[in-house]
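Engineer: Build out the structure end to end from the sequences listed, making use of the hints.
Chains A and B, in that order, are what the protein sequence lines are. Counting with my numbering, you get residues 1 to 302 for the letters of the first sequence. Counting with my numbering, you get residues 303 to 370 for the letters of the second sequence.
The set of hints was computed from the structure by calculation and includes no laboratory data. Any given hint might turn out to be false.
Interface residues of chain B toward chain A, partial, derived using beta-carbon atoms under 7 Å [claimed, not checked]:
no.: 1; residue: D352
no.: 2; residue: E360
no.: 3; residue: F367
Mimicking DSSO-like on lysine-lysine, the simulated pairs with C-alpha atoms at most 27 Å apart in a straight line are [said to hold, decoys possible]:
no.: 4; chain 1: A; residue 1: K8; chain 2: B; residue 2: K316
no.: 5; chain 1: B; residue 1: K305; chain 2: B; residue 2: K331
no.: 6; chain 1: A; residue 1: K178; chain 2: A; residue 2: K100
no.: 7; chain 1: A; residue 1: K26; chain 2: B; residue 2: K351
no.: 8; chain 1: B; residue 1: K316; chain 2: A; residue 2: K239
no.: 9; chain 1: A; residue 1: K67; chain 2: A; residue 2: K117
no.: 10; chain 1: A; residue 1: K153; chain 2: A; residue 2: K257
no.: 11; chain 1: A; residue 1: K8; chain 2: A; residue 2: K40
no.: 12; chain 1: A; residue 1: K2; chain 2: B; residue 2: K331
no.: 13; chain 1: B; residue 1: K309; chain 2: A; residue 2: K239
no.: 14; chain 1: B; residue 1: K354; chain 2: A; residue 2: K8
Per the computed footprint, the stretches of chain B lying under chain A, defined by three or more beta-carbons under 8 Å from a beta-carbon of chain A, are [to be verified]:
no.: 15; segment: 313 to 325
no.: 16; segment: 342 to 351
Computed from a predicted structure; not experimentally measured. All C-beta atoms, glycine included, are put in the ideal place defined by N, C-alpha and C.
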Amino acid sequence: MKCQSCRKDAVISSSEGRYCAVHFQKNFEDRVIGTIKKYKLISKGEKIAVANSGGKDSLSLLYILSKYFSKTNRIVSVTIDEGIHGYRNKTIETMEEHCKRLGIDYKIYSYKDFFGKPMDEITRVKEGIPCATCGTLRRYLINYAAMDVGADKVATAHNMDDEAESVLMNLLQNDLGKLLRLGPYSGIVKSDGFVPRIKPFMFIGEKETMLFSILRGIDALHTPCFYAGLGFRGMISRKVKELESFSPGSKREIVTKIIALKEKYGESYGGDAEIGRCEQCGSPASSRLCDACTIKNELAAI
Amino acid sequence: MVKVLVKNINFGEKSVSLDRGNVEELIRKLNTNDDSVILINKKGEIYTKDKKLSEGEELSLVEVFSGG
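Structural biologist: Below is the structure:
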């Protein structure tokens, strides 16, 4: 198979095109910048916190934001250390190396410091699938971290696969509220204490991000989290990839449709609603306690 | 018929016999799909699914996974 731009051997063939290594990287960066411009994700002068796990996706995002925005914006890296031994400690080493190489300040926030226990211990003492608990705690801490470093926005490396999975999960769980909070610019509910989240990789497939990281020599650990795949998302993730292979372009269709739906109905579904405060930590919350404090209290009682 | 050796961080090494001898057939025989894997030869070249494989060729299979 040949590159559609130069006729050299292609390294990828997908619904997004057929490209050699050089033209794939150019197309990848162009599409990320295109998403940022189209959805006005970053304005000049804003401080952007990159949620950086040290994995392939976030290191690729850090590289691109550093390359294109370091002259007009301040880029900082924030990392959540869930406390998964043999996994997160390794990706943190990689994160530190990359931040130092790119000259980007970084800060690490751990579950142990904020919630009293690392994830390895939480999985032992708390019943249920670890990903659900971990996701809640991580979202809380990413927002806290972004506030702590004074960021205007927090950029996450959620890609088209992640977004398509979230759409299907929320549809199957009949959660229209969460469904309409998806999109390149997260959050339709206005609230102080919430740093808007942006997803510049929203129209980039997971395979493309992995390929980009390999071609760029981003030496990320190419294994998933030990606990990944146990949850509902793991099952949906496998199905989304099967669907894309069977019917190329499916992921983009899913993601594009949900953005159109959000643009049409998002505001009428809570867009102007003011949200309350958690009695314990003061974070935005839809009930008396935020989900993270509820989990924190449960863990303290075990 | 060609036989190739596939290396992977999770399953170690697997020898796979192929009739048509291309990457697409290999992926199918490994019970996965094109969107879930990247195949790289010993020289670091990345293969697309139409690539014809040679007898005895060694490939690394990198699984595409979520997150990091």
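Engineer: Grab the minimum C-beta distance from E360 (chain B) to chain A and call the hint holds if it beats 7 Å, violated otherwise.
Structural biologist: Violated, because the Cβ-Cβ distance from E360 (chain B) to chain A comes to roughly 17 Å (cut-off 7 Å).
Engineer: Given the hinted pair K26 (chain A) and K351 (chain B), is their alpha-carbon gap at most 27 Å?
Structural biologist: Between K26 (chain A) and K351 (chain B) the Cα gap is close to 22 Å, so the pair holds against 27 Å.
Engineer: Once the shortest beta carbon distance from F367 (chain B) to chain A is found, is it less than 7 Å?
Structural biologist: Check passed: Cβ of F367 (chain B) comes within 4 Å of chain A, closer than 7 Å.
Engineer: Does K8 (chain A) lie within 27 Å of K354 (chain B) when you go C-alpha to C-alpha?
Structural biologist: 16 Å, holds
Engineer: Can the restraint linking K309 (chain B) and K239 (chain A) be considered satisfied, given a maximum Cα separation of 27 Å?
Structural biologist: 24 Å, holds
Engineer: At least three residues with a C-beta closer than 8 Å to a C-beta of chain A: is that true for the segment 313 to 325 of chain B?
Structural biologist: violated (count 0)
Engineer: Hint check: is the beta carbon of D352 (chain B) less than 7 Å from a beta carbon of chain A?
Structural biologist: Check passed: Cβ of D352 (chain B) comes within 5 Å of chain A, closer than 7 Å.
Engineer: State whether the coverage of the segment 342 to 351 of chain B by chain A holds or is violated, taking the criterion as 3 or more residues with Cβ-Cβ distances under 8 Å.
Structural biologist: Contact hint for the segment 342 to 351 of chain B vs chain A: holds, 5 residues under 8 Å.
Engineer: For K67 (chain A) and K117 (chain A), compute the direct alpha-carbon distance and say whether it is at most 27 Å.
Structural biologist: 37 Å, violated
Engineer: Does K2 (chain A) pair with K331 (chain B) here, judged by a C-alpha cut-off of 27 Å?
Structural biologist: OK: K2 (chain A) and K331 (chain B) at ~25 Å, within 27 Å.
Engineer: Hinted pair, alpha-carbon criterion (27 Å max): K316 (chain B), K239 (chain A). Please report holds or violated.
Structural biologist: Holds, at about 24 Å.
Engineer: Assess, step by step, whether the Cα of K178 (chain A) is no farther than 27 Å from the Cα of K100 (chain A), and give holds or violated.
Structural biologist: 36 Å, violated
Of the numbered hints listed earlier, those contradicted by the structure are 2, 4, 6, 9, 11 and 15.
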